[in-house]
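Enquirer: Chains A and B, in that order, give the protein sequences. Mapping of the first sequence onto my numbering: position 85 corresponds to residue 80, and the numbering continues sequentially without gaps. Mapping of the second sequence onto my numbering: position 34 corresponds to residue 29, and the numbering continues sequentially without gaps.
No wet-lab data here; the hints were simulated from the structure. Since the structure is predicted, the reported quantities are computational estimates derived from the model, not experimental observations. Careful, some of the hints might be misleading.
One copy or any two copies: either way a pair holds, since identical chains are not told apart in the list.
Unchecked claim - In silico SDA-like links for lysine to any residue, alpha-carbon gap of 25 Å or less: (1) K78 / A29; (2) K254 / N92; (3) K236 / S114; (4) K153 / D251; (5) K120 / Q21; (6) K254 / N212; (7) K120 / L75; (8) K164 / W146; (9) K158 / Y210; (10) K191 / L252; (11) K77 / R193; (12) K158 / Q21; (13) K129 / E14; (14) K228 / D183; (15) K236 / P38; (16) K102 / I250; (17) K153 / R195; (18) K158 / D115; (19) K164 / D183; (20) K228 / P38; (21) K158 / D198; (22) K228 / R195; (23) K236 / I46; (24) K158 / D183.
Protein chains: 2
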Amino acid sequence: MIGIFDSGVGGMTVARAVETLLPDLQIIYYGDLARTPYGNKSPETIIQYSINNTEFLLSHGAQAVIVACNSAASVASETLRKKFNVPIFEVIIPAVNRAVKTTHSGKIGVIGTRATIRSDIYARKIKLESPDLKVFSQACPLLVPLVEEGWLTARETKMILRKYLAPLKQEQIDTLVLGCTHYPLLKDLIQHRAGKNRVRLIDSSIEVSLSLQAYLNKNPDFCEALGHDTVNKYFVSDITKAAINTAERIFGRHIDLIKV
Amino acid sequence: MIGIFDSGVGGMTVARAVETLLPDLQIIYYGDLARTPYGNKSPETIIQYSINNTEFLLSHGAQAVIVACNSAASVASETLRKKFNVPIFEVIIPAVNRAVKTTHSGKIGVIGTRATIRSDIYARKIKLESPDLKVFSQACPLLVPLVEEGWLTARETKMILRKYLAPLKQEQIDTLVLGCTHYPLLKDLIQHRAGKNRVRLIDSSIEVSLSLQAYLNKNPDFCEALGHDTVNKYFVSDITKAAINTAERIFGRHIDLIKV
Chain A
-4 MIGIFDSGVG
6 GMTVARAVET
16 LLPDLQIIYY
26 GDLARTPYGN
36 KSPETIIQYS
46 INNTEFLLSH
56 GAQAVIVACN
66 SAASVASETL
76 RKKFNVPIFE
86 VIIPAVNRAV
96 KTTHSGKIGV
106 IGTRATIRSD
116 IYARKIKLES
126 PDLKVFSQAC
136 PLLVPLVEEG
146 WLTARETKMI
156 LRKYLAPLKQ
166 EQIDTLVLGC
176 THYPLLKDLI
186 QHRAGKNRVR
196 LIDSSIEVSL
206 SLQAYLNKNP
216 DFCEALGHDT
226 VNKYFVSDIT
236 KAAINTAERI
246 FGRHIDLIKV
Chain B
-4 MIGIFDSGVG
6 GMTVARAVET
16 LLPDLQIIYY
26 GDLARTPYGN
36 KSPETIIQYS
46 INNTEFLLSH
56 GAQAVIVACN
66 SAASVASETL
76 RKKFNVPIFE
86 VIIPAVNRAV
96 KTTHSGKIGV
106 IGTRATIRSD
116 IYARKIKLES
126 PDLKVFSQAC
136 PLLVPLVEEG
146 WLTARETKMI
156 LRKYLAPLKQ
166 EQIDTLVLGC
176 THYPLLKDLI
186 QHRAGKNRVR
196 LIDSSIEVSL
206 SLQAYLNKNP
216 DFCEALGHDT
226 VNKYFVSDIT
236 KAAINTAERI
246 FGRHIDLIKV
């Protein structure tokens, strides 16, 4: 059983990608809607919440955990790896690896929440891989509320995106990392505003699923030991109409959210 | 000592109003930044958090509590009054009373978070006072993030406000209740978009302070028993740069936030 947690329902873009790529896996999801969002909280608080969420998933049978929240992945992954004895996947490193392989111009853009961008983790990890690359980061704190409101094609969303992306465009990036699991819902708009034929978008929800797949291929024993119940479970710490709607928007079908 | 709680720093507009009107009172403030915002959470969760916050304030010596968060006031005030044996003030009823006295046309607008508007509390309380009045409500979920980003005069904020206020304008309201403690920071913009000479704004942070003042005048014994230490204390459950900035924007001076 693969555990996935996020501050809310945005991480369901990861669950959907895992479901698409590895349909035999059983997923157990935990969305911390009672304390969402994480992107505007301090590192200490985000680490504490990430430990709580991982404990919840393990106590419900998870044999590996995906940190499907960039804010949590950026500040809490190392702590989780030290503290828990299961494979911990997260959305940042797979996206970093893809970005490094993708860029030709050597100029990579990263967008994310305030917590993710402030941690500077993407820039640090990219430069660790390839010190000559240039990384341009931009915090986009209003995108999560806009997505959660369902304003996916609103004029205001387009304007705010243009404002956020203008400095990256000016730097002539050719690769843009979507450093927040909510952003795939704005993929078309972001692609359009970033430059249609010039910029390749890196979707961390897809990249982390591919890295999980690669791990399973390399570790057949682990793969064998995984539970293969057929029902995925979606737990949340709070339940609201807006969350139900966003979940449906992500999966394109109704999702039963279980309040715990 | 007067306790004030809010989901974050928005309720500091209430603290500032109390400080201005009743400078001798000692204020103890609690901002639940580790779980902010409340406006997108369920009533059950908001009630639980409000109980936690009230217990914190009482354990630190508060002799009365102001619920300075409309989302909490709208769903949790009755529970708090039943559970705790101190005067509980909140931001809704004073604003309702003022709105009922202010309107001439009998058409009142209310703006607030999703939780506040969904609770329908303003409309219910206004109609209880005066059944013939018409109330037009509008959830404005993006305003809190915009204020917290400091986009107080941004073009995008103006456009989003125009979108939110258009249906109220069409109904020709003459009174508009600012049903969220963040909104006083957007007062000028809201006044402009709602109609400069036609619409009177009701600021709940001022109204609740006036109602506290009236209570103290009527209850000299209670007033006498209040602690009059001179230092106000601002506790928060998490601390971030954005919160520090918003606090400064509200008070117009530096505020020491104490993380608990």
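Enquirer: Hints first: check each against the structure and report whether it holds.
Expert: Tested hints:
Taking the shortest Cα distances, K78 and A29 sit within 25 Å of each other both inside one copy (24 Å) and across copies (22 Å). Proximity of K254 to N92 under the C-alpha cut-off of 25 Å is found in neither arrangement, the shortest distances being 36 Å within a copy and 37 Å between copies. When the C-alpha separation of K236 and S114 is checked against a cutoff of 25 Å, the pair qualifies only between copies, where the shortest distance is 13 Å, while the shortest distance within a copy is 32 Å. Proximity of K153 and D251 under a CA criterion of 25 Å is satisfied in neither setting, with 31 Å inside one chain copy and 37 Å between copies.
In the homo-oligomer, the alpha carbons of K120 and Q21 never lie at most 25 Å apart, since the shortest distance is 30 Å inside one protomer and 49 Å across protomers. In this homomeric assembly, K254 and N212 never come within 25 Å of each other (Cα to Cα): the closest approach is 34 Å inside a single copy and 46 Å across copies. In this assembly of identical chains, K120 and L75 lie within 25 Å of each other by CA distance solely inside one copy; the values are 18 Å within and 49 Å between copies. Taking identical chains as interchangeable, the C-alpha atoms of K164 and W146 lie at most 25 Å apart whether they share a chain (23 Å) or sit on different chains (22 Å).
Taking identical chains as interchangeable, the C-alpha atoms of K158 and Y210 are never at most 25 Å apart, the minima being 39 Å within one chain and 48 Å between chains. Proximity of K191 to L252 under the C-alpha cut-off of 25 Å is found in neither arrangement, the shortest distances being 36 Å within a copy and 45 Å between copies. Neither within a single protomer nor between protomers do K77 and R193 lie at most 25 Å apart by alpha-carbon distance, with minima of 40 Å and 62 Å respectively. In the homo-oligomer, the alpha carbons of K158 and Q21 never lie at most 25 Å apart, since the shortest distance is 40 Å inside one protomer and 43 Å across protomers.
Proximity of K129 to E14 under the C-alpha cut-off of 25 Å is found in neither arrangement, the shortest distances being 34 Å within a copy and 50 Å between copies. For a Cα distance limit of 25 Å, the shortest separation of K228 from D183 qualifies neither inside one copy, at 29 Å, nor across copies, at 47 Å. For the homomeric pair K236 and P38, the shortest alpha-carbon distance between copies (12 Å) is at most 25 Å, but the shortest distance inside one copy (29 Å) is not. For a Cα distance limit of 25 Å, the shortest separation of K102 from I250 qualifies neither inside one copy, at 39 Å, nor across copies, at 40 Å.
In this assembly of identical chains, the alpha carbons of K153 and R195 lie at most 25 Å apart only when taken from the same copy (19 Å versus 32 Å across copies). For a Cα distance limit of 25 Å, the shortest separation of K158 from D115 inside one copy, 21 Å, qualifies, whereas the shortest one across copies, 35 Å, does not. For the homomeric pair K164 and D183, the shortest alpha-carbon distance inside one copy (16 Å) is at most 25 Å, but the shortest distance between copies (34 Å) is not. For the homomeric pair K228 and P38, the shortest alpha-carbon distance between copies (24 Å) is at most 25 Å, but the shortest distance inside one copy (28 Å) is not.
In the homo-oligomer, the alpha carbons of K158 and D198 lie at most 25 Å apart inside one protomer (21 Å), although the nearest pairing across protomers, at 31 Å, exceeds that limit. Taking the shortest alpha-carbon separations for K228 and R195, neither the intra-copy value of 33 Å nor the inter-copy value of 50 Å comes in at or below 25 Å. In this assembly of identical chains, the alpha carbons of K236 and I46 lie at most 25 Å apart only when taken from different copies (23 Å versus 27 Å within one copy). Taking the closest pair of Cα atoms, K158 and D183 come within 25 Å of each other both inside a single copy (16 Å) and across two copies (23 Å).
Violated hints, in rising order: 2, 4, 5, 6, 9, 10, 11, 12, 13, 14, 16, 22; the structure is consistent with all others.
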